[in-house]
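A.B. asks: The chain contents come next:
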Amino acid sequence: MGRALPIANQIRRLRFEHGEMTQSELAEKIGMTRQTVAAIEAGKYSPSLEAAFRIAHVFGASLDDVFQWVG
Amino acid sequence: MSFREKSAWITLVTVLVCFGVYFSVLVMHIHARRAPASPLFTLHWLLLSVAALAVLQLGAMFVAARTTPKDGRAAADERERLIQLRSQSLGYHVLTVLALLLFVPIHFRHSALDMANFALLAVVVSVMTVAVAQIVMFRRGY
Chain A
282 MGRALPIANQ IRRLRFEHGE MTQSELAEKI GMTRQTVAAI EAGKYSPSLE AAFRIAHVFG
342 ASLDDVFQWV G
Chain B
459 MSFREKSAWI TLVTVLVCFG VYFSVLVMHI HARRAPASPL FTLHWLLLSV AALAVLQLGA
519 MFVAARTTPK DGRAAADERE RLIQLRSQSL GYHVLTVLAL LLFVPIHFRH SALDMANFAL
579 LAVVVSVMTV AVAQIVMFRR GY
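Chains as they are written, first to last, in the numbering used here: chain A, 282 to 352; chain B, 459 to 600.
Chain B on its own, in the form it takes in the complex (with noise of 0.2 Å):
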């Protein structure tokens, strides 16, 4: 596996364990007070999961550095650049769609607060569609 390909693994398991902690302890938060979260709870644990996603990501880039081979640590070739430009090609395009989406709630009365959520969730589900693109690309050639 290349370590572009490994990237793209560490990619998709960090974020969705980071901001699926997040969002899970959100969603719990509503439900057990039956209230919006305050801003500052929201922020705590904003904090927290963009710091162990860094902590996290570079942890695992270091080990992917280490124990992947010399030739799968070159610089990128023209196949992985083309993957590349079409995994970020489609996460844009689920990033326009979700961003558009985001005047939906506006229409529910939703808080500012729950509206930099759900654009937070409009960014995670786009950099978690160009990982998962680039695997599918990585593991059938192109």
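Next comes chain A alone, as it looks inside the complex (with noise of 0.2 Å):
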């Protein structure tokens, strides 16, 4: 239980940055539930590779702007 995951991210920042979009319109954009997001963002969660893409190209970013691997 509660595993930290080798990789942090900055989705409630970008998110914020974006007009405080809310993690249901950024699930509705990426095709997942908000629950999943709330996860992902919670870092106990990695996406898929395309996930991991499909956020970074909702905020106009790289990957390596929205993930970072912190080992």
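Note that these hints are calculated values from the structure, not bench results.
Certain hints may be false.
Restraint ranges, calculated between C-beta atoms of paired labels, are given here [as the list claims (entries may be wrong)]:
(1) Phe334/A with Arg524/B: 29 to 39 Å
(2) Glu298/A with Phe520/B: 47 to 57 Å
(3) Gly352/A with Val594/B: 53 to 63 Å
(4) Ser343/A with Met459/B: 30 to 40 Å
(5) Asp346/A with Ala577/B: 48 to 58 Å
(6) Pro527/B with Glu298/A: 24 to 34 Å
(7) Arg544/B with Ala285/A: 18 to 28 Å
For each residue, glycine too, the CB sits at the ideal point set by N, CA and C.
Could you use the hints to bring the two separately framed chains together as a complex?
C.D. replies: Next up, the structure:
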């Protein structure tokens, strides 16, 4: 339980910078449920590469800007 | 709570209630009469339990779908599919072990009806394992 993933993300900040986008709005844009977006944002679930690209695309950012390997 | 998590809770509770009643009735009947339940008595309660399970699940799923926001009712995404796959895999292993354990009561000269009930119990336990595993994974994120 609660195993920390080696990947950090900036989704919360990016959502805030994009008109305070809600998790539901982001979820709808990338074709996922709000619960999954919440799990990704909280670092509880590592998305697939495709989902990661979709998230980055929504924010007009590169993958590195959204996700960082922290080991 | 997403629709799929609600579904897992509904499955867990309804299976627990319906088959809890079924097995309790059988055990109480055996203790009261000090004899095995007849096939007709068992079949009667089995059909009643399955019918109750179907009605309760359909009703609860209908209410869950109506009370879940649109984003919670979307098609299963990758995380939810992984949760379903992992929980079903766990349920499969539980069912396999319990199916192998069915060889044990054979040596105690249990009737065919008893063996059928042991097999049913194995299925019930594996279904509940799947539901519990899903709930745990949904709760902790994955």
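A.B. asks: Does each hint hold? Answer for all of them.
C.D. replies: Do the hints match the structure? See the list:
{"no.": "1", "hint": "Phe334/A with Arg524/B: 29 to 39 Å", "result": "holds (35 Å)"}
{"no.": "2", "hint": "Glu298/A with Phe520/B: 47 to 57 Å", "result": "violated (41 Å)"}
{"no.": "3", "hint": "Gly352/A with Val594/B: 53 to 63 Å", "result": "violated (27 Å)"}
{"no.": "4", "hint": "Ser343/A with Met459/B: 30 to 40 Å", "result": "holds (34 Å)"}
{"no.": "5", "hint": "Asp346/A with Ala577/B: 48 to 58 Å", "result": "holds (55 Å)"}
{"no.": "6", "hint": "Pro527/B with Glu298/A: 24 to 34 Å", "result": "holds (25 Å)"}
{"no.": "7", "hint": "Arg544/B with Ala285/A: 18 to 28 Å", "result": "holds (19 Å)"}
When the structure is compared with the earlier hints, violations turn up for hints 2, 3 and for no others.
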